[in-house]
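Dock chain B against chain A, hints included.
2 protein chains.
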Amino acid sequence: MIGRLNHVAIAVPDLKAASAQYEQILGAKVGAPQDEPDHGVTVVFIELPNTKVELLYPLGEDSPIQGFLDKNPSGGIHHLCFEVEDIHAARDRLTAEGARVLGSGEPKIGAHGKPVLFLHPKDFNGTLIELEQV
Amino acid sequence: MIGRLNHVAIAVPDLKAASAQYEQILGAKVGAPQDEPDHGVTVVFIELPNTKVELLYPLGEDSPIQGFLDKNPSGGIHHLCFEVEDIHAARDRLTAEGARVLGSGEPKIGAHGKPVLFLHPKDFNGTLIELEQV
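Which chain is which? The protein sequence lines are A and B, in order. Quick note on UniProt numbering: the first sequence kicks off at 1 and runs consecutively. Quick note on UniProt numbering: the second sequence kicks off at 1 and runs consecutively.
Bound conformation, chain A alone:
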């Protein structure tokens, strides 16, 4: 069911400093910051040859990553995103197996404009998993 690892998301306390680290110290290809007001984050994409790292920084009052940064002031790996072909089929398989889908259980349009779901980290070894239909 799951396909490619679309991205690894890292919440960071200082987006400019983190971008500079990946560009100058780690020598990666780092994009410009993109505000995603509907998702409460500003995102910087780091393009690797086989996948992406996404640096996440809170945007606005109700950012979904503010609580994570409050608990992890240095930042940390926030979630993994796996690609699926059919998000509804994936959701049905997961819920039939007893895995919990966060929120209403219905896919939402994610930061990349594609349908996504998030799975409860307690059901998956403390790992927040995003599934994205590609």
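Calculated from the structure, these hints are not laboratory results. It cannot be assumed that every hint is accurate.
No copy labels: a pair is met if it fits in one copy or bridges any two.
To be verified - With a cut-off of at most 30 Å between alpha-carbon atoms, the simulated DSS-like pairs for lysine-lysine come out as follows:
1. Lys122 - Lys29
2. Lys29 - Lys16
3. Lys71 - Lys114
4. Lys114 - Lys16
5. Lys29 - Lys52
6. Lys114 - Lys52
7. Lys122 - Lys108
Showing chain B alone in chain A's frame:
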């Protein structure tokens, strides 16, 4: 400098249960457990089309991931591994920029039989980064 994301490592409290989840619920290609006594871990590789997830479980008395599981009993994402062409050149660049290499600072032979280094997570947004020469 950094190339492909070689793997994402997830420390898990129950290797059999985690393997079954990835195989049966997430429908991924999951390998057999491999003991790595020199590294204090038992590893299960999950092959994705573009990279790997490695499930890590403690092996022996001095496993480097036991402390992580003590702090995170449900498990969690433990580290990211990026590929580099020349581990010594990478080390020199990192230390010149003030980043801290864990341990002696000399590359060691990692679980895949290749030279690796780990970078201090406090220097990289709370993310433990492994560099592996490929």
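Hint check results:
no., hint, in the structure
1, Lys122 - Lys29, "between (33 Å within a copy, 22 Å between copies)"
2, Lys29 - Lys16, "within (14 Å within a copy, 37 Å between copies)"
3, Lys71 - Lys114, "within (29 Å within a copy, 35 Å between copies)"
4, Lys114 - Lys16, "within (27 Å within a copy, 33 Å between copies)"
5, Lys29 - Lys52, "both (10 Å within a copy, 21 Å between copies)"
6, Lys114 - Lys52, "both (16 Å within a copy, 23 Å between copies)"
7, Lys122 - Lys108, "within (21 Å within a copy, 34 Å between copies)"
In this structure, none of the earlier numbered hints is contradicted; all agree with it.
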